[in-house]
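**Q** Sequence:
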Amino acid sequence: MTFDSPTAIERLLSRHNIQPTDCAGYCLCLAGERTMLINSRSYTLRRGSLYVVSPIVVGEVVEETSDYEEVRFVERLEVLFPVFNRLGNIIVQLDIPRRPCIELVEAEVEEYLQQEARRRQLQEQLLTTESPLQRTLLERQSSLHIQMVMLDTLRRFAQRFEMASQTNLEHGQHSVASQFLVLLNLNFKHERSVQFYAAELGFSTGHFTALIKEQTGQPPSAWIAMVTMTQARALLTNTRRSIKEIAAELGFPEQFTFRKYFKLHAGVSPKEFRLSQAVQP
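Residue numbers for the sequence shown follow numbering that gives the first Met the number 0, so the first one is 0 and each next one is one higher.
One thing to keep in mind: the hints can contain errors.
Taking lysine to aspartate or glutamate and the EDC-like style, the derived pairs with C-alpha atoms no more than 20 angstroms apart in a straight line are [as the list claims (entries may be wrong)]:
(1) K259 with E248
(2) K259 with E244
(3) K262 with E244
(4) K262 with D66
(5) K262 with E248
(6) K243 with E190
(7) K243 with E271
(8) K270 with E248
(9) K188 with E213
(10) K188 with E105
(11) K188 with E59
(12) K212 with E59
(13) K259 with E271
(14) K188 with E199
(15) K188 with D151
What follows is a list of derived Cβ distance ranges for each label pair [said to hold, decoys possible]:
(16) R45 with K270: 29 to 39 angstroms
(17) Q140 with S220: 32 to 42 angstroms
(18) G250 with T34: 37 to 47 angstroms
(19) A106 with S41: 25 to 35 angstroms
(20) K188 with Q217: 13 to 23 angstroms
Source of the hints: derived by calculation from the structure; they are not laboratory data.
For glycine and all other residues, C-beta sits at the position ideal for the given N, C-alpha and C.
Please put together the full structure from these sequences, using the hints given.
**A** Next up, the structure:
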């Protein structure tokens, strides 16, 4: 089975080991061998090794063989938001930042290759269709397929997690960052202060900020802004709601406050952003 060449973002991330700040996904080794530091722990990847790519899973390539090959699946957080928002507690239980890598058997590798082939087929159809109606349906189909792939990946992590229940893994001892991100996804529409999340997790604001920055590389204020902006961009791009309605949906007291917040973080107003998305091919 062959695939088209990787997308520009996939090539860039793979070549320079850049961690996405607004994307998530996985990498699956198909051939060769690679040694990586993932969240400061050493892993040797061979065919069937799958590791998570996300803002809180930091990977650095140490060395790899000349025949190393992988499938890299990376998608914007706004596409994956329904998965993370509804399954936050499960994601915390999996504690992926401490266990970011699993080993697949050959049958599972083949399933992933089939899923990847289907994803690329949908992308190709999106690029070639001229029908607005078909394009809308294909975009929805593609988003659902991407969410399905991530759900399937989480299920496989859950299988390994349950199989490891007799080992010395510390159940319930989840990273503060994982707990914070779940709380954030549940509360960001109503609470955007670092103090709130620090108090919910039982820390002083200063200590909490230091912990989150240590575990993720970014302060909690940056995460709060990223989750809020991810949802704001998704609503502006994928719905016909007025900017006033979107402001209310995201918990802003009035449209002006939302406009000011959006422009601070995006550099353009919500209206300008929506117009820029409308003219894209």
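**Q** Would you mind marking each hint as holding or not holding in the structure?
**A** Okay, the hints, checked on the actual structure:
| no. | hint | in the structure |
| --- | --- | --- |
| 1 | K259 with E248 | 16 angstroms, holds |
| 2 | K259 with E244 | 16 angstroms, holds |
| 3 | K262 with E244 | 17 angstroms, holds |
| 4 | K262 with D66 | 46 angstroms, violated |
| 5 | K262 with E248 | 18 angstroms, holds |
| 6 | K243 with E190 | 19 angstroms, holds |
| 7 | K243 with E271 | 15 angstroms, holds |
| 8 | K270 with E248 | 16 angstroms, holds |
| 9 | K188 with E213 | 25 angstroms, violated |
| 10 | K188 with E105 | 43 angstroms, violated |
| 11 | K188 with E59 | 34 angstroms, violated |
| 12 | K212 with E59 | 18 angstroms, holds |
| 13 | K259 with E271 | 13 angstroms, holds |
| 14 | K188 with E199 | 16 angstroms, holds |
| 15 | K188 with D151 | 28 angstroms, violated |
| 16 | R45 with K270: 29 to 39 angstroms | 50 angstroms, violated |
| 17 | Q140 with S220: 32 to 42 angstroms | 36 angstroms, holds |
| 18 | G250 with T34: 37 to 47 angstroms | 45 angstroms, holds |
| 19 | A106 with S41: 25 to 35 angstroms | 28 angstroms, holds |
| 20 | K188 with Q217: 13 to 23 angstroms | 20 angstroms, holds |
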